[in-house]
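Each of the two chains sits in its own frame; use the hints to bring them together as a complex.
Read off the chains here:
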Amino acid sequence: MKRKSYLAVLLACAIAVTGLAGCGGNDSDKKDTAAASDNLPVDEEGNPSPFGKYKEPVTVEIVQSINPTLPIPEGESATDNYYTRYVKENMNIDTKVKWSASNADYTQKLNLAIASNDLPDILVVNEQELRKMVKSDMLEDLTPYYDTYASDIIKANIGDTEGKALEAATFDDKLYALPNVQTEADGYNNMWIRMDWLEELNLEVPTTIEELETVAKAFVDNKMGGEDTIGILGPTVNTRLYNDFISATNNMNNLDGIFQAYKSWPGFWVEDKDGNAVYGSTTEETKEALGELQKMYKDGILDQEIGVRKDADEAWKGGKAGILFSPWWNGYNVKDGLANDPEADWQAFAGPLAEDGKWYPKQGGVGGSFCVVRKGYEHPEAAFILNSFLRRDEGKFAAETNLDAGYYPARVVITPYDECSFSVEALRAKMNGEEVPEYDPINYKLLDHDFETLEQCLQPPYDDLSIGNWDQTPTDFGRLYSLLKGYECVVDAQKEGIVNKTYSLIYSQTETMEKKWANLKKKEDEVFLKIIIGEASLDDFDTFVKEWKAEGGDEITAEVQETLKK
Amino acid sequence: MNTKKGNFFKSKAGIYWIMVIPALVWMVCINIVPMFGIVMAFQDYNPGKGILHSEFVGLENFRYMFEMKDVSSIFINTIVIAVFKLLLNVAVPVIFALLLNEIKNVFFKRSVQTIVYLPHFISWVVMGGILLDVFGLYGPINGVLTSLGMDPIAFFRKPELFRGLAVGTDVWKEFGFNAVVYLAALTGISPALYEAAAIDGAGRFQRMIHITLPGLKPVIVLMTILALGNILNAGFDQIYNIYNQAVYSTGDIIDTWVYRVGLTDMQFSLATAVGLLKSVIGFGLISGSYYIAYKKANYRIF
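Those sequence lines, one after another, are chains E and Z.
Okay, so the first sequence: first residue is 11 according to my numbering, each after it adds one.
Okay, so the second sequence: first residue is 864 according to my numbering, each after it adds one.
With the rest of the complex left out, here is chain Z (with noise of 0.2 Å):
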């Protein structure tokens, strides 16, 4: 450790702390900072006295919110939701970059990633009207069932139907994006590898298992480290924008419970207790997958 002020700042690790603190203080003022506020799910929370001054009822918010049926419904319909999104958008994107990856024309494969991608960049405000309409009764699905002789379906009204969709266009708003990491990884790969592999005699499928995944191996395992921080949210923007009242059973999600219960109930301190639960097991979710992760991949990011 430097224990000169002149030093530290000409020192290389100097230079890269000056350059992290920015970041530093954005993180404080917007993550640390707003977590206090969690004590509301511990009180009777009342906004013309504040955090500091609101009456304590211990966990008067969680008994309630377990006497509600409701909850357990949200947290399974959450679970459901996220993982199946964790998994495929994981899946999808390394096989599509692994594919693509396969392809020599490169104009054909810079296209092709353009293209996928820009779903991306479409907020779900604006996509949830149009997937609204897509898959709407006149929609161009539904148009398409019709001439081949069958019912429209309602598909956004179905509670059987709602996650499947749900997690699907979120896989495929997403792919393009996603993929854009892998494909950056296995450029990474040295060209050397495959041809050794080649002078081997081993094919093209053999190389993509022998070579190209074991590559991709450590970025796939924290791409997923860090997805699982985000395994209770199954994505607010999204549901929040495709769901209705007939699919309240499989689509009610923790964020949009709150959503409804905290801003349009202004019942704060219960919303708060909730979205803290989440958090909580959230957290134990991201330790217990990172110590797997650890034992089993030998693979640490901290």
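Extracted from the complex, chain E is given alone in its bound form (with noise of 0.2 Å):
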């Protein structure tokens, strides 16, 4: 007997131990290869130049975001790939992966290399990361290599920005990173809809919150997408219900077209009707706007699952949903929705409209992510010449490989603010038969290979644009889809002139902020998705407001109130 419970104990034990397995890192030497100062990155008359090669091989390690749901082309991988042999044999280094991350993971992972001050030499940031690097002394200074080595492309374009670009990467006087600029696109989320639904029920397109609950409860009560039908999709758990200061763009099934029906932009810093600055989410507009939406759950046309669905991507690709509000780019996604059901046509619109009949979509910053340089690297300017090239051959990589461009090292978007709206404008011309404007095909670099795709995808006369004459199987079936059929929307409402961008005042921390946002942001996350689906009432909103004031906010509203003054 004795024997045997001592066996009971020992694998009492044994399952103690393996509850305490944590996992361990381990530091990789870092060896800075050439260590030559004078191997420098030189045309071919010997001059040190944006598109210039070093003489002796150099190495930069980097770390990538990848999306990991894009296949990978034959012969190709996350280390030896087209973009790793092009940029060897253009400027002779030799790159050296760190890690990869999935898109969803790369923040976290990044924090935590950033946390251990385990860094590859160079990497891209965001706003948040960047600043707490610039503290923490991790990162060399750009600033003399700014001038010599960022192709004047990338001058002009961030220039374009009346120096707003250049501004949120400096610091002191002190130029700590390449930042991006992104597209104006990025900003508007656009209402997308089921375009054969609204077809078989013989509705029109909403312009109204009016119309929006009517169609949404139209496809509800028709079961347009089975049983559990979708009405107006709501994000995957855990993300945001509306894009904030902090992310600005790039949010995918939010219900910011709800907000801005409303005049509300909750998340962004805005002026009042006296010019001070507030919060948008404690605003009056912004209660009567959580009103609706908290009516449109009841009511079951908003996603009922909201809040804890796990996918909302995959609830409108498999059919589910009837309307969304995402970015243009959305439209490279519609070839997932189309493998399980060909008729799904998807289209954005501009709106729900306010009541005045105008749109009052939020805007992003200029950019938003960062190209930095760790700190001890001894070739910075490989961050400005890698991008140089980069940004002068995407329309070449476009047409030779198909693997994606997060591959690309130490990539920074940096976009002439109007490409979308010149592209589609661009494109309409030429199918209209009408003269396309001049363009400098560098500039709007990947024009020159929408025309040579156009009619891949499409077939003259281009009179419909319904997703049944679109060729999808094109590679870039997805780029022209998003311009023609999920941008076109928002050139036309400009035309129109009823669009009334929402800037938020800043897009950055204030220092307060750094401390305090956690607990607010944790609040506003909690009392907002409560009061839609009916956990809290909309009473509990002017609670919150109260506490938020309170308990910093009204702290953080005088700093960005300061910041104005500037």
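Heads up, a few of these hints could be off.
What the hints assert, rightly or not - To give an idea of the chain E side of the interface with chain Z (calculated C-beta under 10 Å), a few residues:
#1 Ile124
#2 Ser146
#3 Glu237
#4 Lys305
#5 Leu413
#6 Trp527
#7 Ala528
#8 Lys533
#9 Lys540
FYI, nobody ran anything at the bench for these hints, they're computed from the structure.
Quantities reported herein were computed from a predicted structural model and do not represent experimental measurements.
C-beta atoms are modelled at their ideal positions from N, C-alpha and C, and glycine is treated no differently.
Structure representation (structure tokens):
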């Protein structure tokens, strides 16, 4: 008996020990290969140049943020592919991948790397990380390299932001990063709607909140997507209900479209009537919009699983949802929905409109991602030349490889602000047989390629762009569809003069926010979701505002007000 | 003690010591060395300067922590969820082991045992997804409810239900595996005792109460004390995969909060301070319970 109970104890201990297992980390020692400081990227005449090539091979350690659902073409890998070969051949740079993470996990993994100061040589970070790293003195000062190694086109695109892009990357008069410049289009949340459902029910595209309700209700009542049809789709669990000033663009399946129709911009810092800074999540208009959302939820037309929905994309791709709010490039994903239901005709519209017939879309800042260099890395200029080449040859890449551009080392996207609008106009001119406006094929880097692929995807005459008339097999279907069906609504709305863009007063955190924001944001996320699903009453909004103000909100508002005066 | 080296390695204890070395090295590297990181709780941690050179701010992080209303609620959530998990994760497997022990059909017994411990091997990432579906508005549970004419319930979005769900699903997932230990202990109880009791006229239930349970007592006490060390670990893996903003008020635990503040918002020092406080309380609890177990049950591990 004695022996047997020992066995039990031993087993118990073994179980306890397995419970303790953690994960260890190991520091790989960093060796900077080419030590010679005279090994610079030079052109054929030997002058340092944005398009120069190192005489001696240089190694750059990078990290990758990749979309795991995109296939990697045969013969390519994350570490040896078209881009690494291109970089080696043109710049004599060997790329070494320190780690890769999916887009969703990248920030978390990167924050951990920052906390342990275990950085790759060149990396791409967001605004919050940039400030933390600058404050912690972890980054190389890039001021001396910008003039020499940033290409003219990059400088021009950055210059078009009226200094805002560089300002975001400059601290104490030192430039610490190459900022991205995103196209204006990424900020708009367009209303995507199932046109085939609308036609089946003989309904019009909704332009007001009331019409939106009617349409969504019709979708649900007629069970267009089966028993559990979702009228208006909500976001994936634990993601944003609306764009905020820190993450102001590129959030999918959010509810901004509905808030905007009430001139409510939660998550943004806006000016009130008297010109004072106010946080959009605390305004009366937002309360009104929340009341509407609560009603929509109760009526069963807003996603009934909002807040716990495991994967919102899966819901609409699976043909369950009828209306959603996402940026123009959701068109890239439309193909996935077609695999499920070849009839699924998703098209984007500007709306719903506010009572005054205007559209008040939130807008992003100039950028939000930054290419930075670890302090002590010997070739900081590589960050610039990598992106100079990328900016010049991206059109070529699109023609030559199907590998996602996310694999390009240290990539920040720098585009002309009006890239999408211009591309839409140019494509439409061509399709209507009109004269295409002249353009610089390097500045509008993908436009040449767009023209080439247009005929693969669409056959003339181009009078009906419904999904049935597209050939979805070419890789570039996603881009053309995004432009022509995902973004033309914005172009048209702008022409009509009904677009009143709303910018946030700031797109970065203030001093007090660094400490107190997590707490306030938690409060906000909780109360907003609870009100929508009816777990909290609309009156709790007032309590939230009061508490929000008392627990640091007022202090922060004063700081934002301060930055305005400058 | 052996003084000569040769003797030491040849002696029985020496061999055991050698066998223990890998585990000791592992423990020092993984468990002891990182403990120096707790100084971050007293610093304004600056990753560029590292732990050794960051500026010390004394108790500033703790002061701010107690200013936040949030903190008391996350501590309460953690303790409530953890205590229930602790109790039920002992009680349910013990009861299950006792019941299973009474079954005479070996094939049935083995099958049940295998089936119930399977969920243990599914990670919470996968299990969380399964649970969200099962308890979802269109999942089987709500299917039953609606067919009975009741309104569907969004289980994981109800703050009042969340703790129950968290504890219940955790116990369901782990009880089969936890029962293994008790089943092993049961085989150690001498059949002679049962035979003697049967002759004395004790029924099945009486034998269970007076022979089986006392036989299991040492293992139950041991398992409980070991589990107490985790009293403030309410289960990050689980909660993180099933919670959402609507249940912050009852479901946000210390670990998920530290994760959000530390890793997402990069307030490393503040997150460390909360984590440290959690460890200190946990240490107090395990010492206390060990002392009580020693006094009351005369049971010691060390």
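Of all the hints given earlier, name the ones this structure violates by number, lowest first.
Violated hints (numbers, rising): 4, 5; every other hint is consistent with the structure.
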